[in-house]
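Peer 1: Sequence:
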Amino acid sequence: MMKKIVWIVCAGLLTVLLNGCGTSAGENFENSSRLRVGMTKEQVKEIMGEPLQENFSKPDVWYYYIETRWHDGQNTIDECMPVVFKNNKLAGWGNAYYKQLKLVKKSYEKPEIEGLK
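Heads up: the sequence shown at position 16 corresponds to 54 in this note's numbering, and the numbers run straight through without jumps.
Hints are supplied without guarantee of correctness; some may be wrong.
No more than 30 Å apart at the CA atoms, straight line, and that leaves these computed lysine-lysine pairs for DSBU-like [as the list claims (entries may be wrong)]:
| no. | residue 1 | residue 2 |
| --- | --- | --- |
| 1 | K140 | K83 |
| 2 | K140 | K96 |
| 3 | K143 | K127 |
| 4 | K83 | K124 |
| 5 | K137 | K124 |
| 6 | K79 | K140 |
| 7 | K79 | K127 |
| 8 | K124 | K96 |
| 9 | K96 | K83 |
| 10 | K83 | K127 |
| 11 | K137 | K127 |
| 12 | K83 | K137 |
| 13 | K96 | K143 |
| 14 | K83 | K143 |
| 15 | K124 | K143 |
| 16 | K79 | K143 |
| 17 | K124 | K140 |
| 18 | K96 | K137 |
| 19 | K79 | K137 |
| 20 | K79 | K124 |
| 21 | K127 | K140 |
| 22 | K127 | K96 |
| 23 | K96 | K79 |
Quick list of the computed label-pair ranges, beta carbon to beta carbon [to be verified]:
| no. | residue 1 | residue 2 | range |
| --- | --- | --- | --- |
| 24 | P97 | V75 | 13 to 21 Å |
| 25 | S62 | L141 | 25 to 33 Å |
| 26 | K124 | E84 | 13 to 21 Å |
| 27 | Y135 | E68 | 12 to 20 Å |
| 28 | D116 | E68 | 17 to 25 Å |
| 29 | A134 | G76 | 18 to 26 Å |
| 30 | S62 | K143 | 28 to 36 Å |
No wet-lab data here; the hints were simulated from the structure. Glycine included, each C-beta is placed from N, C-alpha and C at the ideal position.
Please construct the entire structure, taking both the sequences and the accompanying hints into account.
Peer 2: Encoded structure:
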C-alpha cells in the first residue's frame, strides 16, 4: 500500500515538473503581446522563454511555437512565430513582419549576371 502511495505521489510530481518545462502555443501567443521593439534578447527570453529554434543560418531569427495546426506531435514552421533581432535588439516579430523583411532584403540584392561573381 505504501509503495502505491509513493508511486502516485512521484507520478504527480513528475507530471507537474514536466508540464512546467514547456510553454504552450497559447501562452507564447499571449506573451508575444508583451514584446516591444528595442528589447534585448535576454528581455525577450524573460517574456517568451527559450526559443523553439534559433535559425543558425540567420542567427538573428528565433522561432516560437504559437499555434497547433497539425495534431501529429511535430512542430512545423507554419506553427511558429519568427522573432527578428537587429544588432541584438528586437526589430519585429510575426510572419507578416518576417515576410516584409525578406522582400525588402531581396530588393537590395544584386541581380545575378551569368558568368560574373
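Peer 1: Please work out if K79 and K140 have their alpha carbons no farther apart than 30 Å.
Peer 2: Holds, at about 21 Å.
Peer 1: Decide if the proposed pair is consistent with the structure: K79 and K137, CA atoms, cutoff 30 Å inclusive.
Peer 2: holds (21 Å)
Peer 1: Decide if the proposed pair is consistent with the structure: K96 and K83, CA atoms, cutoff 30 Å inclusive.
Peer 2: Between K96 and K83 the Cα gap is close to 18 Å, so the pair holds against 30 Å.
Peer 1: Can the suggested window of 13 to 21 Å be confirmed for the beta-carbon pair K124 and E84?
Peer 2: holds (19 Å)
Peer 1: Between the alpha carbons of K124 and K143, is the straight-line distance 30 Å or under?
Peer 2: With Cα atoms ~13 Å apart, K124 and K143 stay inside 30 Å; holds.
Peer 1: Quickly compare the C-alpha distance for K96 and K137 to 30 Å and report which way the hint goes.
Peer 2: Measuring from Cα to Cα gives roughly 14 Å; hence the hint holds.
Peer 1: Look at the Cβ atoms of S62 and K143 and judge whether their distance stays inside 28 to 36 Å.
Peer 2: Given a distance of about 32 Å, which is inside 28 to 36 Å, the answer is holds.
Peer 1: So if I understand the rule, the pair passes when the alpha-carbon distance is 30 Å or less; does K83 with K137 pass?
Peer 2: Holds. K83 to K137 sits at ~23 Å (cutoff 30 Å).
Peer 1: Holds or violated: K96 and K79, Cα atoms, limit 30 Å.
Peer 2: holds (15 Å)
Peer 1: Between K83 and K127, is the straight-line Cα distance small enough, at 30 Å or below?
Peer 2: Given pair K83, K127 holds - Cα atoms ~12 Å apart, limit 30 Å.
Peer 1: Is it true that the C-beta distance of S62 to L141 lies inside 25 to 33 Å, as the hint says?
Peer 2: Since S62 and L141 have Cβ atoms about 31 Å apart, the given range 25 to 33 Å holds.
Peer 1: For the pair supplied as a hint, K143 and K127, is the alpha-carbon distance within the 30 Å limit?
Peer 2: holds (18 Å)
The structure meets every hint from the earlier list without exception.
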